[in-house]
Each structure stands twice: as structure tokens, then as C-alpha cells.
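2 protein chains.
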Amino acid sequence: MKPTLTILAVLVAAALPARADEGMWTYNRFPVQALKQASGFEPSQAWLDNVRLASVRLAQGCSGSIVSPDGLVMTNHHCAHSCIEQLSTAQKDYVKDGFYAATAADEVKCPELEVNQLVAITDVTARMNKATTGLSGGAYADALKAEKARIEKECATSDDVRCDVVALYSGGRYDLYQYRRYQDIRLVFAPEFAIAFFGGDPDNFMFPRYDLDLSFLRVWKDGKPAKMDHWFRWSKDGVKAGDLTFVSGHPGRTSREFTVARIEHLRDEAIPARLLRLAELRGLLREFQRRGPEQARVSNATLFYVENAFKAYSGMWQALRDPALLERKRADEKALRDKVAADPALAAEAGGAWDAIAGAMKRLSEIRKLHEQIEAGRAFGSDSFGHARMLLRAAAERALPNEKRLREYGESQLPAVRQAVLSEAPIHPEFEIVTLAFGLDKMREALGPDDPIVRTVLGPKSPLELATEVVTATKLRDPAVRKALWEGGKAAVDASDDPMIRLARAVDPAARAIRKVYEDEVESVLSAQGEKIAKARFAVLGTAQAPDATFTLRLSYGTVKGWQEGGRNVEPITRIRGAFDRQTGREPFALPKSWIAAHARLDLDTPMNFCSDNDIVGGNSGSPVVDRDAKVVGLVFDGNIHSLGGDYGFDPAVNRMVAVHSRAIVEALRKVYGATRILKEIGL
Amino acid sequence: MKPTLTILAVLVAAALPARADEGMWTYNRFPVQALKQASGFEPSQAWLDNVRLASVRLAQGCSGSIVSPDGLVMTNHHCAHSCIEQLSTAQKDYVKDGFYAATAADEVKCPELEVNQLVAITDVTARMNKATTGLSGGAYADALKAEKARIEKECATSDDVRCDVVALYSGGRYDLYQYRRYQDIRLVFAPEFAIAFFGGDPDNFMFPRYDLDLSFLRVWKDGKPAKMDHWFRWSKDGVKAGDLTFVSGHPGRTSREFTVARIEHLRDEAIPARLLRLAELRGLLREFQRRGPEQARVSNATLFYVENAFKAYSGMWQALRDPALLERKRADEKALRDKVAADPALAAEAGGAWDAIAGAMKRLSEIRKLHEQIEAGRAFGSDSFGHARMLLRAAAERALPNEKRLREYGESQLPAVRQAVLSEAPIHPEFEIVTLAFGLDKMREALGPDDPIVRTVLGPKSPLELATEVVTATKLRDPAVRKALWEGGKAAVDASDDPMIRLARAVDPAARAIRKVYEDEVESVLSAQGEKIAKARFAVLGTAQAPDATFTLRLSYGTVKGWQEGGRNVEPITRIRGAFDRQTGREPFALPKSWIAAHARLDLDTPMNFCSDNDIVGGNSGSPVVDRDAKVVGLVFDGNIHSLGGDYGFDPAVNRMVAVHSRAIVEALRKVYGATRILKEIGL
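Those protein sequence lines, which keep their order, are chains S and X. Residue numbers for the first sequence, in numbering that gives the first Met the number 0: 0 to 683. Residue numbers for the second sequence, in numbering that gives the first Met the number 0: 0 to 683.
By construction, these hints were calculated from the structure, which means they are not laboratory data. All values reported here derive from a predicted model rather than from experimental measurement. Certain hints may be false.
Identical chains blur together in the list; that is why a pair holds if it fits in one copy or across any two.
Okay, derived cross-link-like pairs now, BS3-like style, lysine-lysine, Cα gap no bigger than 30 Å in a straight line [to be verified]:
1. Lys95 - Lys679
2. Lys226 - Lys489
3. Lys592 - Lys368
4. Lys670 - Lys460
5. Lys152 - Lys333
6. Lys310 - Lys361
7. Lys403 - Lys328
8. Lys679 - Lys129
9. Lys361 - Lys328
10. Lys368 - Lys310
11. Lys460 - Lys152
12. Lys144 - Lys489
13. Lys226 - Lys144
14. Lys534 - Lys403
15. Lys460 - Lys95
16. Lys460 - Lys310
17. Lys630 - Lys368
18. Lys310 - Lys489
19. Lys460 - Lys144
20. Lys630 - Lys35
Next up, chain S with everything else stripped away, as it sits in the complex (with noise of 0.2 Å):
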């Protein structure tokens, strides 16, 4: 299974509100004044910027940032664990021994990776609310579509150009972002695995914390490293506590403006769901790595992936479930209600929102496990059945006007697509043998032995016996015929007899109708009364509010500092000395060879990560910690427990970002790695 922004988009998590100084600021509105007066320092518009064109996405979902003039990008390990997972083999496991190119010729492609480079900001309020106008339900979830393909394709020239509009402030206000987009990505630096997530599980989201959760990757374009105009010089001495620190990066996804029947359903329903789900999951996936070494290999990085998640997911329940929160969300919820009431133009336009989102979301829960089964794909869990999936829907969209298409088969989305169909990244009959059957098998507990859909689906087969005989016979494994039939077109498809073609063609009707339901019914809802709630806010409180994440580039500025937990403090910077100290000699205590081979070489006194009261969440992983100067002092990777929080506002007291710190970086790039060739173009 392949990492998706929804997994990833918790790999680390924080944010802010309530108070103006914090927050996940976009470029086009952050708040200059505000940092000044608390920090002394005003950035120009120069500073800012060359920052945002320093910053870059990994559109999979993670961030990094542009480190040499010839495309260096620096990001976590845990952001390119898949290609380094993907370009391994039983021969040879990157993921275990670590990645070096001594040269640029070294460098190797890593088959799903694209990386945006952040261009322009247009606002598009204007022309999207107008194409809206007056309607409600599927209609309005029609016209919101079609404006929005058409805004897109008209900004995206070539495929060099990636176009999103994007919903801020739940619909409030509607920015365009135009991206550079670069898909030839390549792996330069990657350390062992036992070292870029030391403590494993047990440590993740802990803190203190001893991990080079480091990658480096390289943007390629017509066959050399890509020149660029903008990117960050590193600092010689990295932070101290105390210091000023900006992190420039894409944090996913909050909640934060969420109604309180939104939250309810977060906590009662959704996330569960999605708990119990990956614990099952999980326990699964730790035997199935006993299989073997190579089915351990094959299924790391899904286990991580489903580790990260759990725990990631178990601190945002545990923090729904404090009641004090929503009572919080209660009192924010009826004060703003209140003067809504108090307003006869504000009334008759938002006042029946609130209700009317309640109302989406009893919608939702009648629907949302045929919803998450059928069309979101739990019941599918196999990268074949995704190939599939999208030969089979992109043959059909394409045939269809840009703006009546899915929204992922937009002309500004096709490349994306186009290289997902085309990866060369291997794909393990014996690993989607199993994920498949446990999606077959979840479907059919969420929805019932008698549900029609999932007659159609397992006719009298057993779970693992349809999955062992569509994986078997599937010919979509060679990238070669998917590269056929996505040339072949709707003729090629329609004619396909592969058994995963014709599984994904079986449930693709019934996969439409509920995504229908669920636009019109409830995204459509939300959307339409969101907007009307975000209007009524910016009338009533004003626009201080940083919005909610979007997965698009936020600027957010901070300090270097520890946090009070349970009566003691915890200091902000940990050693190298630290590691050693921690190690036991077995996973995921286990230091690898190299580090203890070069244990009388380092210094021991080096800081290797700190924290800071940054607010980032989730998609943030990889983003550059930037100083005054916007000098690389550091690399998010991970927020502390206390942050997981965050996703429903921000507690500056405990809520605190993971980095690892750039002298860390520096001495194990020096005397454990002798990566001089990194170390000189980053300028050291």
C-alpha cells in the first residue's frame, strides 16, 4: 500500500489559534506587524520571498527544502522511506544499510515522487463564490467543481505547472497556488533506518529524542540536477534555546475551525474507526514480517506508516476525549452563534449553518462506512487494485470535459496521475495478497455478508481466496502493460479481461453513486455552510486567524524551548551523547554499525535534536527550520506528544515541534558518513 497524504498527513502534528502570535500563517497574509512586536524582527517581502521559493512539497505528503543552487533537497527519511524502500531488493536493502551517491551518476530515480515549488498565490474568492451563487446541494457541488477545473487549467500551461485552488477558512476565501512542478527525483542521501527512527515506535513523538530522520533528495530536470534560483545556506552553529526559529512547510490538515458537530463525529466515529482499524492492521502486519527478511523488507514501510498512524491518531482521540476541550469548542461555538443571532443580515445569512452541518454529518454517519469501503478504498488495500482503479477512471474522465471529471482527472492533475499509472516501483504479490484479503474482509464485516455490493464483490469466495486469485492472475504488476493501457485508452481498458481491471470495473458503479451521495449530501454542506460561518467569523472576530491546513505552504515562527511535564522540566536540546546512552543493542535501541564504529570520532557534546514551540502538524515532516537569516538550523521530523493536540488548536504551554539539529546533521554527515560531496555543496 502506498503512503497518502491522510496517513502521512500525521506523521507530526501541533498548531495554534486563540493566540495571534502562533500559527500556520499563509504567505499572502502573514503577519509581519505581530512578529515584530514579539520578536523584534520584521522580514521583508524579499526575505519571505525567498523562503517560500526555498520551501518545497513532496506532493505524496511531506515537505522539504531546496539546499544547493544544483537542486539539492533536504527531507526526512521517514518522507522518502518508500522510494528507498521501492529502490531496494533482497539483494540489496537501502532501507537497513543506508544510501550514499558518491556522484551525481549515483543518483537514482525514485519512481513516485513529485516535488512543487510554490510560484504564485492568486486570490479567487471572487470568481469562485460567483460561479456558486444561489446553489446549494449537488448543483452547488457541480459548479465548485467546475469552476474550479477550469480556474486550474487555465493556469496550468504544461505539465512543468501544477494548479490547485484551494478552500481556505472552510471555504471563506479561495486562493489559487501555482506550483513548479519537478517528477524526476532522485535519491542522493538516505542513513540507515535504525538511525533516522532510533526508539522507534516506542520513542515516536517522545522527547527527548536522538534521531536523523534526514534524507537527501536531488530535483532533476532534461536529464542534469536542476538549477535553482533560490535556496537555503546553512548555519554554522544551528539554534540555542531561547532563539527565534521560522519553519516554512506544508502542514496537512486541521480541524481546528471545525463546527462541534464535525468534532463529535472526529471522536465518535471517525477516528475509531480508523484506530481500530490500523491496530488490526498493525498486529497483522508485525506477524506477517515474520514470514521472513524479505516479507519484513517489503512491508517496512507500510508498518511504519501504520505505526506512525495509530499513535498519531491515539493522541488526537485522547485529546478529543478531555472534555474540557469541547466544552471549550462549546462556549467558542455559541459566543460566535450568539452574535450571528444578534445581527439580522448575519442571521439570515449563516445563522441555520451550524444545524445545517449537524445535519451533513447524521448524513455522513449513515453512509460513511459504504463511503470509506467502497469509493475511499479501504476494501482495496493493494497497489494493484489502485493502478487499476486509475486506468480505469482515467480512460473514462478523459473522455469527459475537463470540469465534469472527477476532480483527481483534471487536466492540471493528469501528470500526477500519469506518473502514479507509470512507476516503476516494484510491487509484492505476496504482501498485497494479504493487505487485499484484510480490505475484502474489513468490507465485508463494515457492511455484512448480505450487502449487495459485497455479494458482487466476493460472490461465495472467501476474503483470501479472491485476493490470492486476483493478485496471482493480475497482469498489472509490469509497469509495461499499464503503460499499454493508459496509452490504449478507454478502447484498451474497456477490452482488458485482467481480473484486477474487471474487479475495479465491478464495484466502480456502486463506488460512484455513494462518492455522489457523500458530494452532494455532505461535502457539499459543508462547504457551502463552512464558507457561510467563515464570512460570518471574518464579520464578527476579523481575519487575525491563521486558517486551517490545507496541505500548502505556511510560514510559522517560534522559539527554541522545552515544556513543563509533570513538575520537571524538559530541557530543548539533546547530544550525539544521548544515543549512546540510550542504545541497547537491540531494535529499535540499536545503533547502527556506522554510528558505533565512529563513536570515538564524534562529539559527543553535538546537539542532535531540539524542540520549539513551531506550530506544524502532520505534512509539515521535512520542513527546513529556518533562523532570522533564513540559515538551515534544523529539520522538523516529529512533534511531541502534546502536539497531537494540535489538530484542535494549539497550547503553546506543551504543544512542541521535533527537529533535528543541523550541527547533528553535519557530524554524522562528516565523520560517520563522509559524505564530503554533500558537505561541500551545501557549502561546508
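We have chain S; now place chain X onto it with these hints.
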């Protein structure tokens, strides 16, 4: 891992209150007049005594009935599942193939079953109250335990007598239950798992249903089938819709009397934690089963219990998350508290009880994880650790005066401990490694890698490494080794350096310490304050309600009837034909060969399963359903999905017990299994 009461106690579920004509009544307070008014039938004391004495408890967590003068006991397949698995080998799998002893000599002893027959109930409330007057906290807990131990020891005049002091109405009343104890229990008959659990997990807690969840055991005494004075005769016709039915069995546990604070603890902590653990274990076990047929065989019963518990707790949790349930509980509690507050004497006695219980729940939240992991044994899930702890503790406790011992090592409980320690049931090391490693891993996850007890247990080792080491090296799988340690007592156990004994020894101080905190600061508060609330409730409302279930014998009456589901009638009786209609040839919808072969011979109109509104919950599995002539008309094996809310209250509209119809049993014994010896013995 052994099935335990905790797990078995949720095998079926349902329940009463709010209506005085429903309930799980104790035999010494059965509401004869209410039944007479509702049905016209007035059971005599002789009728009640006969039904009581023909009902039995399977001490490990189920119910059963005596159905012949020669000690033949009818219960569920799932109640004998562990025994059937224990008696099987790689060469002969009785779970898969079924078992039938053609002669008495072919009957095989179950290594771990104990059967109890309730011979007397005595009110000991005054004596218990006297012992605890004026005490609280640890002193209260010690006095309560000591007085229980004294009463039980006085009563248990030989190993053939089992005596339990039972707290009813949360401590409002104490009754002494005196049982005849049988420990030589032999397997007589079991059908194939495929028909016992036809429909498997997907159909579990569902109806319509087509299961033959049946087994026959026999009580032996002194090397011969035990002679019985009381047994149930067989009804020729069984039941039809509308018939009056009685269920006499041992509901395990309900929470209907719980205060709101306790209900909230279940909803927000205890049940979600349990569910997440079960989900992960389920994924692990399902994948473990794919290691091979022998691994599947030895883990079958455990997987069954885990999946069953998961589904049961899911339903219970679903019920708890219905806001209406908690609102009702809050209103009921407020009404009682208001009445108590209005009466100065009651207020002085019980006014503070609810807040005190809420305080104990807060304390429980603080210690829950440590208590569950270390004392309740979650961390050490393996039979050999269970043996090690029992040997260690029995040695220490037997050296103490009876009333000072941990309660499960009191004189009256020792025969059960001895049976468990000396069990000849096979232990499978490969499986033990997996379950123990899982437990150790979850312990580290729950308490954190830096917790002192985690460091004590694991040292530098990984959970899998430690589990492999101790399971491989322990000698405790050999019953002879355990016998020697049991007989050698404290000196022998102290001298043992068996690694599993050493592990049990290493955690024992911490385990006992957290147990003491739990008993003194949580349990004793619940008991002392529960008693006060119960007495206040008696004073205000009388004792018209049945007490919460306590895994003691109860009698419930009801009617064969279906219910309304989504506007549609669910008929109360299924037919054998339905099993053939539903089968697909694939597990769990594959009928066994014996049934396929018997198809032409079977009367397909024979009733197969039925449902009624008898109030039952987990622990009632295996209970007889009898008519007003005390004749067997069915065998309880499940409840419908709505029955799972029965832990918190009985909803007569939809809560249904599910049973095998007596005529299906006869039809199958006669035409599928040719079990003439059994048919003859039950008088057919």
C-alpha cells in the same frame, strides 16, 4: 492463552431492569407472583429446586444443564472449544472433525473443566456487614477479604464442596453460594466447528442464524459416570413463537447498577483500551494462523475468543456511545440522589457515595495501565507464565493463614488452582512465544520504555527476544515438573531457577504492590460506597429489581419472539433449510461434509435456531432453555446485536437471546451423527 471469565463473560449478552417482569433473578428471590401475573404460570418451590439442581456452571465461564441421570451435561461447543482443542493433536483434529464417544470408555477427560452444581444459598449479609463496620480503605478491604475467607472455609468441608461469598446489589447483600464441585469432566460429543459456528465471525451476534453450537460432556465421579438426582427431560416438540421460556444459567457480569462515573470510565477508558488491544491481537492471530495448518489448529480457540470478545465489546461500546443511554443514567442517578438528599438519615449515610466513587474512578485512571499490565497479567499472556505465577503465589500464600491470603488462594479456592496447575493440556511453545512477545510489547507501549518495571522485565532485550528465551528454556510445559513444584511447596519454588518462574518472581513485588493500591483505593471504595448506594436504593425503591449479574445462577423468563429491524419483522425461528441456502462451500459459510452427506435424510423444515426475550448476558452460554414443564426446548448460545447493550439495561423491544432449537439437536444427532447412545440417554 486460556479463555478466561473476562472473555467468556461476553459470549452472549442482554438484560433487564426498568421492567419488573424481566430480569436475571436469583433463585432465592424469584418473583413468582410477577411471573404468574404475566403468564398465568406459577412455579412451585419444587419446580424451582429441580431446575436449579439440574442447572450447572462451568467454572471457567459458561453454563450447562444435566440432561440424564448419568451426569450427561449439555453445553455449547464454544464452551468446550478449548477442551476439544486440548484433546486434539496434529494427527487428529476434533475441532475440525468433531468428536463422538461411542461408549463411556471412549469419553476423554477435559484437562481444565470444573462443573459446579448449586446446592444452597445462605444470606450472610449481617455477618459481612459486622466485620466491616466503621472501616474504610485498606482496613475495609482486609476485613472484607478475611471475613469472606472465613465463611468460605467454614462452608467448604471438603474438596467436593465449593463455597463463594457473592456480593449482590454492589454489596447491598451478601449471599453464600454452596456448590457441589466436579473436576472429572469428560468429552462425549462435539460436532464439527464448521456447523457449531456456521457463519463464523460475520454472523456472530446476528440473527437469523443456523448454528449447532452444541457439545455434550459428562460428569464423572470416582471413575464412573456420576449419578444425578435432578436432570432435565427432553421436550418432544420444542417451542414455537409465543411460547413461555425459562433460561437457567450463569450470566457473568452486568453494569446496570453502575454510577455514571463508572459508566463513563467504561465508555472512555476501559472498553476502548480493551478493543484496541483485541483488534491488534486479532490481526496478529489471523496472520499467525497462516504460518501453517498446525499453527492454525493450536490457535483456533484463542482466535475465536478474541474475535468474539472484540465483537461483543464493540456492541457494548456502541451502546455506551448512544448519548440517550447516558442521559437516562444521569437522570436516574439524579432522581435517586435527590431523594437521598431530601432524607437527612439517608443523606448522612449515602450522600457522599457517588462522589467517592467518582474519586475512585479517577484513581483507577491513574493506575489502570500498570494494574492491567502487571497484575492483571496483560503483559505476560502465556500459559506457562500463568503456571509460573500460580506456583509462585500458591507457595507463598499457602504458608499464610487462610484469611490473609490473596483471595484466589483461599482454602476453598485451592482445588481450582491445583487443577489448573496440574492440567495436562498441551502448551505450544511457538504460539506462546508470539502471545508473550505481544504482551511484553504492549506493556512497553503502555508504560513506556523507561518505566522501571519495564526495565526490570526486559532489561536490554526486545520483547520477542525475551519471549523466545524464556519460552524456549522453561520446563513448565511438563505437567510433571509443575507437579513437583506444587508438591514441593515454597522450598521447591524458591529453589527453582526456571526462567519463567524467575520472570514471575521478578515482577511479583510490583504486581502485588499495584494490586494493593487497586484493592485499597479503588475496589474497596466501589464496594463500601456501592453498598451504601444499594441500601439507599432499597430504602427508596425497594428490591424489586434483580441484582447485577455475578456469574451465579439466575432464572429468567421470556417469550419466543422476533423483533422489528428497520421496519421489517425478524421471525423468531429459523429452519435447517436455511443453513443449506446460506452455505457457499467456503469458510465460514461451509457446511461440514457430514451435513452435505445427510442433506437428503434431513427434514429441512426442522427448527434450527430461535430467539426470545429472555434476559441473558455472557456467561449464559450453554444455558438450557426449558418450558413450564422444565423440559429442554433449546440451548442458549448467543444474543442478537442489540443484546450487547444489555450490559447497561434491558430493552425489551429489541434485545433477544439466541438458542439452538431442541429439535435441531435431535435431528442432527439422529440423522447426521447417528449418536444413538446420546439419543437413548436423553430418552429419545
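Status of each hint after checking the structure:
Proximity of Lys95 and Lys679 under a CA criterion of 30 Å is satisfied intra-copy only: 26 Å inside one chain copy versus 67 Å between copies. With identical chains, the CA atoms of Lys226 and Lys489 are never at most 30 Å apart, being 39 Å at best within one copy and 78 Å at best between copies. Taking the shortest alpha-carbon separations for Lys592 and Lys368, neither the intra-copy value of 47 Å nor the inter-copy value of 36 Å comes in at or below 30 Å. In this homomeric assembly, Lys670 and Lys460 come within 30 Å of each other (Cα to Cα) only across copies, at 29 Å, whereas the closest approach inside a single copy is 57 Å.
Taking the shortest alpha-carbon separations for Lys152 and Lys333, neither the intra-copy value of 41 Å nor the inter-copy value of 62 Å comes in at or below 30 Å. Taking CA atoms no more than 30 Å apart as the test, Lys310 paired with Lys361 passes in both settings, with 28 Å inside one copy and 24 Å between copies. Taking identical chains as interchangeable, the C-alpha atoms of Lys403 and Lys328 are never at most 30 Å apart, the minima being 38 Å within one chain and 52 Å between chains. With identical chains, the CA atoms of Lys679 and Lys129 are never at most 30 Å apart, being 53 Å at best within one copy and 84 Å at best between copies.
Within a single copy, Lys361 and Lys328 get their C-alpha atoms as close as 19 Å, and across copies as close as 24 Å, so both meet the 30 Å cut-off. Taking identical chains as interchangeable, the C-alpha atoms of Lys368 and Lys310 lie at most 30 Å apart whether they share a chain (23 Å) or sit on different chains (17 Å). Taking the shortest Cα distances, Lys460 and Lys152 never come within 30 Å of each other, neither inside one copy (44 Å) nor across copies (57 Å). For a Cα distance limit of 30 Å, the shortest separation of Lys144 from Lys489 inside one copy, 23 Å, qualifies, whereas the shortest one across copies, 77 Å, does not.
When the C-alpha separation of Lys226 and Lys144 is checked against a cutoff of 30 Å, the pair qualifies neither within a copy, at 36 Å, nor between copies, at 79 Å. Taking CA atoms no more than 30 Å apart as the test, Lys534 paired with Lys403 passes inside one copy only; the shortest distance there is 28 Å, against 70 Å between copies. In this assembly of identical chains, the alpha carbons of Lys460 and Lys95 lie at most 30 Å apart only when taken from different copies (20 Å versus 38 Å within one copy). Taking identical chains as interchangeable, the C-alpha atoms of Lys460 and Lys310 lie at most 30 Å apart only when they sit on different chains, with a minimum of 23 Å there against 34 Å within one chain.
For the identical chains of this complex, Lys630 and Lys368 are neighbours neither inside a copy (47 Å) nor across copies (45 Å), given an alpha-carbon limit of 30 Å. For the homomeric pair Lys310 and Lys489, neither the shortest alpha-carbon distance inside one copy (42 Å) nor that between copies (44 Å) is at most 30 Å. With identical chains, the CA atoms of Lys460 and Lys144 are never at most 30 Å apart, being 39 Å at best within one copy and 55 Å at best between copies. In the homo-oligomer, the alpha carbons of Lys630 and Lys35 lie at most 30 Å apart inside one protomer (19 Å), although the nearest pairing across protomers, at 87 Å, exceeds that limit.
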